[in-house]
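Produce the entire structure from the sequences given, and follow the hints as far as they go.
If you want the building blocks of each chain, they are given just below.
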Amino acid sequence: MAKKKLKVRASAKKGYAVIKAILFHPMETGLRKSKETGEVIPAHYIQEVSIKHNDEQVMMVNMGIAVSKNPYLSVEIAGAAKGDTISIGWLDNLGEEASTEVKIR
Amino acid sequence: MNQQRRSFLRNTFTGSLVAVSVASGLLTPSRVLAAWPKAAFDSSSVKDAMVGLLGSDQYEKSAAISLRTPDIAENGTVVPVTVKTKLPGVETISVFALENARPLCISADLSAKSRAVLATRIKLGKTSKVVTVVKANGKLYGASKTVKVTLGGCGG
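Same order as they appear, the protein sequences are chains E and W.
Take the first sequence: its letters are residues 1 to 105, numbered as in this note's numbering.
Take the second sequence: its letters are residues 1001 to 1156, numbered as in this note's numbering.
It is possible that some hints are incorrect.
[Unchecked claim] Under the rule of at most 25 angstroms between Cα atoms (straight-line distance), these lysine-lysine pairs were calculated in the PhoX-like manner:
1) K1086/W with K52/E
2) K33/E with K1038/W
3) K5/E with K1126/W
4) K1086/W with K20/E
5) K13/E with K1084/W
6) K13/E with K1113/W
7) K1086/W with K13/E
8) K82/E with K1113/W
9) K33/E with K69/E
10) K82/E with K1084/W
[Unchecked claim] Derived DEER-like restraints, expressed as beta-carbon distance ranges:
11) A1063/W with R32/E: 35 to 43 angstroms
12) K82/E with A1063/W: 14 to 22 angstroms
13) K82/E with Q1058/W: 25 to 33 angstroms
14) K35/E with T1127/W: 20 to 28 angstroms
15) P1080/W with S11/E: 37 to 45 angstroms
Treat the hints as calculated values from the structure; they're not laboratory data.
Since we're looking at a predicted model, the values are computed, not measured.
Glycine residues also receive a C-beta, built at the ideal position from the N, C-alpha and C atoms.
Here's what the structure looks like:
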């Protein structure tokens, strides 16, 4: 199995749900130099994260290079209840993507 | 030359190109609608980044926005940031680190269903003012806080 690309937990509160996600990604800025070779490490970072609630897009997060490695993201969605599906997907600057689905607990 | 015919041909051609790329999975529909704001993210000046993303770098200071960051970050590569606001009709939340090589850190487009809360972790090159700008009902509101960094995170 490939390395896990993202981890999501969604928990229901009163009238809304809290979504917490960790996206596993190096988030290279393209400004950093390798210590061994002195060469610039090419940029590799997540640009877009989409968050869907029951197949309806509720949020689109755009990231730049200044987001930390393995980005953590926490958002809240109104009107989401226990048992609903939350799907989160990311896309990086090299066109790689990953997504996952969880049920709100 | 028949101008209308030209533009008709051009439109059909580009239109079908997009349709083909959508069908082949090269572009998902959401990506066609909301393109990643490259110019704003690549910009090295705070002003250009704000204007590029939000259309203006003038914002009103608002006490209704809470920006939570540590006062002192021992490690600039991981600085937790939480933005919360009670303003109605929030459309976007964005975070800028004024001293970073690329000031724009993150920007979230919200829909009516998402509550105006955003928490993440950012990198800070050095001690910097962190500004959050919230677009609500077409107007820009902001809040800022200085974070002291004892060890840099952006290239150094």
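#### Entry: Violated hints - listed by number, lowest first
Hints 3, 12, 13, 15 not satisfied by this model.
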